[in-house]
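Q: Residue strings, one per chain:
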Amino acid sequence: MNGTLARFARRIAPQLITLAVVVAMIGIVFPGFFDISIANGRLYGSPVDILNRGAPVALLAIGMTLVIATGGIDLSVGAVMAICGAIAATLIVEGYSLPATLALSLGAGLLCGLWNGILVAVLGIQPIVATLILMVAGRGIAQLVTEGMIRTFSHDGFASLGSGNLLWLPTPVVIWICAGILATLIVRRTALGMLIEAVGINRRASMLAGVNARLLLVTVYMVSGLCAAMAGIIVTADIRGADANNAGLFLELDAILAVVVGGTSLLGGHFSLIASLIGAMIIQAINTGILVAGFPPEFNLVIKACIVLAILVLQSPALQGAAILFSRAKGQP
Amino acid sequence: MTVVSSQSQPLLAAVGLSKTFPGTRALDGVDFELRAGEVHALLGENGAGKSTLIKCLTGAYRRDGGDILLDGASIDPRDTQEAQRLGIGTVYQEVNLLPNLTVAENLLLGRQPRSFGLVSRRETNRTAREMLSRYGLAIDVARALDSYSVAIQQIVAIARAVSLSGKVLILDEPTASLDRDEVRMLFDVVSSLRAQGLGIVFISHFLDQVFDISDRITVLRNGKLVGVREAATLDRTQLINMMLGRELSEETRDRGRGGFDYAQAPRIAFAGTGRAGVIAPFDLSIHRGEVVGMAGLLGSGRTETAELMFAAAPRDGGTVTKDGTPLKLASPRDAIAAGFGFSPEDRKTSGIIGDMSVRENIVLALQARQGWMRPVRLSRQREMADDYIRRLGIRTPDAEKPIGQLSGGNQQKALLARWLATNPEFLILDEPTRGIDVGAHAEIIRMIEELCASGMSLLVISSELDELVTYSHRVVVVRDRVHVAELIGEEITTDSIVAAIAKPSPVQEAGT
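These protein sequences, in sequence, are chains A and B.
One rule links them: number in the working numbering = place in the first sequence (from 1) + 1.
One rule links them: number in the working numbering = place in the second sequence (from 1) + 9.
I should point out that these hints are in silico values taken from the structure, not numbers from a laboratory.
Take these hints with a grain of salt, some might be off.
Said to hold, decoys possible - Okay, the calculated beta carbon distance ranges per label pair: (1) B:Asp395 x A:Ser164: 50 to 56 Å; (2) B:Asp395 x A:Phe300: 54 to 60 Å; (3) A:Arg189 x B:Asp188: 53 to 59 Å; (4) A:Ser164 x B:Gly413: 47 to 53 Å; (5) A:Val303 x B:Asp407: 43 to 49 Å; (6) A:Leu133 x B:Ser340: 25 to 31 Å; (7) A:Leu315 x B:Lys357: 30 to 36 Å; (8) B:Phe30 x A:Arg189: 33 to 39 Å; (9) B:Arg123 x A:Gly149: 54 to 60 Å.
Stated by the list, open to error - Which bits of chain B does chain A cover? Going by a derived footprint, with three or more residues having C-beta under 8 Å, they are: (10) 361-368; (11) 491-501.
Note that the Cβ used here is the ideal one computed from N, Cα and C, for glycine as well.
With the hints as constraints, model all of the structure from the sequences given.
A: Here it is in structure tokens:
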């Protein structure tokens, strides 16, 4: 058991160190960063803010990790967020109960995932192309649902999913942490994780060993759709309205980045959900850090790109090869 | 036929060429000699070292040992471009030109005639037409390459290679996707190049074509040179003996395999199983505790038979029964549920999950059969992995090492362990001993005999005839996608198998 734990620690160490470095850097430019206070029964402060603002990307990263582990990619998650958010807002305005609204919007997410899964696993279309279809079409569907306007609502129960508190934490934080734990348990306490990795590394060999690769692929795309639906619901609840044009815009890229920063190869195979979630927090910490450090907003994207580039260069095989060579050279007289 | 006398200095020679990959010695001190003005066939089964030899000669691989001489001078091409400049050109089975460029552009890419610094289309087309006219080809060179047949594309590829290199031309399975007339057309081109004094290396597994065009034949097996013969003095049977490696010492078999009781009903029976264009419908039944060997040359339909039986490839009809009850096999999952196992020929692409540990690779099939909801507990996985590692003698530091880092023989044993863990009743092994060292080879054969003694039914496909003779109760011979012969008990000798493989196909006799 100890060996497993040590392996896990080694696996997530780079991500934890990166997160620590990013947070420390923000702490240097903005000394007030670590101040946390309790008011109105919840914690306030920049670290809590990172956990809260990072919720959508964290949720997307869970599904994206599983999809990427099979050697695929899901570009449609941002658009699926918009669809599910639009459906949720519309239903609540129409007077549906909260449980019914949630069930139907999550169901819509699953349906989007099923569509992607069928394109990829049954029709054999390349994942990047297959999910691009829904990425483009999805936003249009969301606009049709909201009839081209921003659909606002006033329903405190629904809104609390985005801006309420639970256990001294903002509700979105509790949701993504619970989703993360649940997904990790399902994947690692059953054989699902191993089978997903097997299909990602060698689909043909897995099939010949009796793995139902097709069903597995459809399942991971459905999980990704479900995660996107949750993210869409949170975003909609938070702003008390569905914005078909901007909800989840470009978030698929942040989610992919979170997975990559989390050390899962885009070629598929071994994955770590925890590392991806830390990756999502790294990205949100960068976003928040740039904001609180007081850079002019027009620098945001450039600075973010530079930091991500630095992280990826540090993780690159070329640099790791160089590090090994260097340590060998030192070892020899 | 040969223009240059055999005493002259060889055009291209490899002396004691060696190349090692992790776990396998792909080439072991191989000598090869190509004269100017000859077509020299290079033959051998999969894994014999043909492609490694070619890749060393063309600079795609760097050799580990030995020397390559071109016109008597030692060369060491770093990449294929350098080899091309030195005079060695290659044309592959899959034409590796640019299908959507024109024929002329393909011929002259990178050295198109220019005027005023710009590529001159007219000049390009004129030069290309001239080049092709030498091959008796008058086609519209301004049309896209992929608007022509594969045969024409092959000739364009040859024309390009010859114009770039001009001394040695290597043809790697050029006829694989050509029909009879196209082969004729290609061979006319090859003959005219031979007359011009080029040295041509011809790789093919169509023996008729080899005898048709070649002056000399070099045979490799397991990375070693078996021999060089004049094509005119060699007959089919001798050649197949060389390729499949019958040991000359006439080893008698006294394993007591003769008396298998065929009175009992078979365990598994396939009837009318086949697939149009892949393998002719066949009947095959296997009994409890029986080893059925399957022999045939590369591309004869052996592997296809195995894939059909395991439902890894679609079938046209036919029935499968197990102990008399019909089975519905639509996918490998169904086959596994029925107690089948299949260790495929291509370990790397169809067998191992390279990045996963030995332990995970061993439990994979069992886990897949149980379904994801019922995981094999980690402690049980470790127990199983350690048990099989010990019992099968898998050489690995521990069960957590990625299987891709093991040698071929140990990967093969781990794959065997994967199936043994599912406790199968019928196991198909496709080339279980290919590319593995002698020690592991003997162990795998011992395992096959043990499994069969314990009541398992086995179908073993192998190119090693000695091996088949050792463990088979029955041998099915496949030739040209048809199951042509079945040898039982005392009939099984390497001679009888070779004879069944070598019998020229009836189409051939009628045609010539």
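Q: A separate judgement is required for each hint: does it hold in the structure or not?
A: Checked hints:
In this structure the hint that aspartate 395 (chain B) and serine 164 (chain A) lie 50 to 56 Å apart at CB holds, the actual value being about 54 Å. The supplied range of 54 to 60 Å is met by aspartate 395 (chain B) and phenylalanine 300 (chain A), whose beta-carbon atoms lie about 57 Å from each other. The supplied range of 53 to 59 Å is met by arginine 189 (chain A) and aspartate 188 (chain B), whose beta-carbon atoms lie about 55 Å from each other. Separated by about 50 Å at the C-beta atoms, serine 164 (chain A) and glycine 413 (chain B) satisfy the suggested range of 47 to 53 Å.
Look at valine 303 (chain A) against aspartate 407 (chain B): about 47 Å separates their beta carbons, and that is inside 43 to 49 Å. Between leucine 133 (chain A) and serine 340 (chain B) the beta carbons are some 29 Å apart, a value that agrees with the proposed interval 25 to 31 Å. Distance hint check for leucine 315 (chain A) and lysine 357 (chain B): the Cβ-Cβ separation is about 31 Å, which falls inside the suggested range of 30 to 36 Å. For the hinted restraint 33 to 39 Å between phenylalanine 30 (chain B) and arginine 189 (chain A), the CB-CB distance of approximately 35 Å keeps it satisfied.
About 56 Å separates the C-beta atoms of arginine 123 (chain B) and glycine 149 (chain A), a value consistent with the hinted range of 54 to 60 Å. Counting residues of the stretch 361-368 of chain B whose CB lies closer than 8 Å to any CB of chain A gives 5, which reaches the minimum of 3, so the coverage claim holds. Coverage of the stretch 491-501 of chain B by chain A is violated. Counting CB-CB distances below 8 Å, 0 residues qualify, and the rule asks for three or more.
Comparing the model with each earlier hint shows a violation of hint 11 alone; every other hint is respected.
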